[in-house]
Structure formats: C-alpha cells, structure tokens
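**Q** Take a look at the letters that make up each chain.
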Amino acid sequence: SQKIEQNSEALNIQEGKTATLTCNYTNYSPAYLQWYRQDPGRGPVFLLLIRENEKEKRKERLKVTFDTTLKQSLFHITASQPADSATYLCALASGGSQGNLIFGKGTKLSVKP
Amino acid sequence: DAGVIQSPRHEVTEMGQEVTLRCKPISGHNSLFWYRQTMMRGLELLIYFNNNVPIDDSGMPEDRFSAKMPNASFSTLKIQPSEPRDSAVYFCASSLSETGGAIGYTFGSGTRLTVV
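If you read the sequences in order, they're chains L and P. Position 70, counted from 1, in the first sequence is what this note's numbering calls 70; the numbers after and before it change by one each time, with no gaps. In this note's numbering, each number is its position in the second sequence, counted from 1, plus 113.
Take these hints with a grain of salt, some might be off.
The calculated DSSO-like cross-link candidates involving lysine-lysine, where the alpha carbons are at most 27 Å apart (straight line), are [said to hold, decoys possible]:
id, chain 1, residue 1, chain 2, residue 2
1, P, K181, P, K137
2, L, K105, P, K137
3, P, K137, P, K191
4, L, K105, P, K191
5, L, K17, L, K57
6, L, K17, L, K63
By construction, these hints were calculated from the structure, which means they are not laboratory data.
Kindly generate the complete structure, drawing on both the sequences and the hints.
**A** Encoded structure:
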C-alpha cells in the first residue's frame, strides 16, 4: 500500500530564511499531491495542489516541487515569518488518481523572530 | 459558508459509555470523510461517503465504531462502548470529490475525545 514519509518531525528556522519541508512516497506516483497547514487545535487547511505533470507550483511565498523520479515533493516557504509556524502535512490519493487522501504525519515548523 | 461544523468540540466520557460525534458538511460537497488523529499514528481515515453512501469503511477499528449519513447535510460517528484507547481528535472533512480535486478537503475543527 502507498506510504508517505515526511522526513522531519520538527524544523526550526530563523525569521526571513527559507523553510524547506520534504515529503516522500513509496509506491506508485499519484496523479497529484496536496499540502495542508494545521494549527494547534484546528483542522488541516488546504494550501496547494501540484499535478504529476507540473514540476513546480507557486502561491505567494509558497513553492512546491514534484519529482516523480525521486518520488518526492518539496515545500518551500520563502522569507519565513513567525506566523508561518504550524504543522505542514502532505497528502495524496490512496489509489493514484482515485480514492481518499492519505496524509503524512507532518512536519512542525517553528520560525523564530 | 460556515465551513464544516463538528460537535461537540470536546467530549469527556467514561469507559463503556456511548459517544456520538456529529458533522455538518459544506453544502454542495459530495464526499464526506471521518479521520482520527493521534500523535503516534497521525491522521487515519476511518470511513468516507460519496453522495451519502459509505464507500470505504476499512479504517473503522472495530465493530464498536459505526457511522451514518442519513442525508447530504449530516453525518454521525458513534462509538459504543467507548474505551480509553479511543481517545483522540476526530475530524470530519468534506469535498467536491473523493480525492479533493483542485481545492482539497475542508476540515472541521475536530472533536477532542477523552475516554477515562
């Protein structure tokens, strides 16, 4: 079955630096991959989706890459701010392009002023 | 739209009692999902519905868990009898499709269940 690994449980960086989070999957390449943000006591919030034929996607200070050869997605936050501190989850469809989403355990990002 | 609405926000119950969690999805969303989140296991899917029909309940831990979706605007997750290992945060999410499509899933704020 498909498995997702987010390499770091926690990442601490200084304000203004670029945060880079990693998501790896083990089996078939999904049709697309999604990233979510989760704040304490709240449900995950959808941020971005990247399709298998897209190498890179940007939204404001966020950038996501998708490498189907490496079976990996990278999530970047440029010019990070303390308000970016949260847990970030990657997710992909359990059946490639079908089925429910399965989620990684997330990476907790802390941005220090 | 008020988003996905879950109730209660917190539930503390004694072992052996019945617990019912409630969810109102976003109007127009065809798919509804129940997830459970713990530190150890992360977000795990319990069951999901498409157009009010249960599609995959393979994540439901045991017969103690049951879920219903009697109409497009309401779903319940019931645990009977509850056990301490059921303590977790339970999330309901809805979307336009089972994979979330271009806009992903919309999650509720969750129900924090504590079974003592």
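**Q** Work down the list of hints and note, for each, if the structure agrees.
**A** Evaluated hints:
1. K181/P to K137/P: 12 Å, holds
2. K105/L to K137/P: It holds: about 26 Å lies between the C-alpha atoms, which stays within 27 Å.
3. K137/P to K191/P: Holds - the C-alpha atoms of K191/P and K137/P are around 15 Å apart, at most 27 Å.
4. K105/L to K191/P: Roughly 25 Å between the alpha carbons, so the hint for K105/L and K191/P holds.
5. K17/L to K57/L: Given that 27 Å is the threshold and the Cα spacing comes to 19 Å, the pair holds.
6. K17/L to K63/L: 14 Å, holds
Hint compliance for this structure: no hint is broken.
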